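K.L.:
Residue numbers 1 to 168, in full-length UniProt numbering, belong to the letters of the sequence shown in order.
The set of hints was computed from the structure by calculation and includes no laboratory data.
Fair warning: there could be bad hints in the mix.
Subject to a maximum C-alpha distance of 25 Å in a straight line, what follows is the list of computed DSS-like cross-link-like pairs (lysine-lysine) [as the list claims (entries may be wrong)]: (1) 42 with 16; (2) 16 with 38; (3) 88 with 34; (4) 88 with 42.
Label-pair restraints from in silico Cβ distances [said to hold, decoys possible]: (5) 129 with 55: 44 to 54 Å; (6) 130 with 155: 13 to 23 Å; (7) 7 with 140: 43 to 53 Å; (8) 50 with 144: 41 to 51 Å; (9) 57 with 80: 21 to 31 Å; (10) 46 with 117: 42 to 52 Å.
Only a predicted model underlies this, so the values are computations on that prediction, with no experimental measurement involved.
Note that CB positions come from ideal geometry on N, CA and C, so glycine has one too.
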Amino acid sequence: MLFEQESQSYRQALNKAMDYLSMRAYSSNELYQKLCQKLEDKPAAAAAVARCVELGMLDDEAFARQRAAQLVARGKSPMQIRAHLMEKGVERSVAQQVLEELQEEHDPVESILGLIQRQYARKLEQGKQQAVIAALARRGFSLRDIRRALESWDMEQQELDFSGWDEF
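All chains, full assembly: derive it from the sequences and hints.
P.N.:
Structure representation (structure tokens):
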């Protein structure tokens, strides 16, 4: 009888895990926490998570890569991405590895330039460069990357200033 109850709890946890995974990707820790909220049987939740990992339905590294790419596309800084991944239960070493790979593919300066274009261009035009630097630093971008982005922004603006003029 006890084995039957354990088996039923496990099946229930596995079905719930598959329901969750059909809606979106989860880290293994995040899925475990979610199952524990819904079910009282923590060993069944742990077994269901282990089975999902075994079946290849749950992969923390793939989850971290996918989520980090989404956050980069939204203009998030490496620091914000690392914090988000760790909040979702991704191990620090996995988050760090994914960030290193991501930084090889994507320069944070591109994210900063996108933010400048969308949110801070007017402030820069008004001469409020220090306010923009402070805002970008609060978002977790390094001062080195902010400086590079502002230099690039200044050069783009200078090119735009002269683009309509013909040489005499």
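K.L.:
All the hints need checking, so say for each whether the structure fits it.
P.N.:
Structure-based check of all given hints:
1. 42 with 16: Distance ~13 Å between residue 42 and residue 16 Cα, so the pair holds.
2. 16 with 38: Given pair residue 16, residue 38 holds - Cα atoms ~9 Å apart, limit 25 Å.
3. 88 with 34: holds (11 Å)
4. 88 with 42: holds (19 Å)
5. 129 with 55: 44 to 54 Å: About 53 Å separates the Cβ atoms of residue 129 and residue 55, which means 44 to 54 Å holds.
6. 130 with 155: 13 to 23 Å: holds (20 Å)
7. 7 with 140: 43 to 53 Å: holds (47 Å)
8. 50 with 144: 41 to 51 Å: holds (43 Å)
9. 57 with 80: 21 to 31 Å: At 28 Å between Cβs, range holds.
10. 46 with 117: 42 to 52 Å: holds (46 Å)
The structure is consistent with each of the numbered hints, conforming to all of them.
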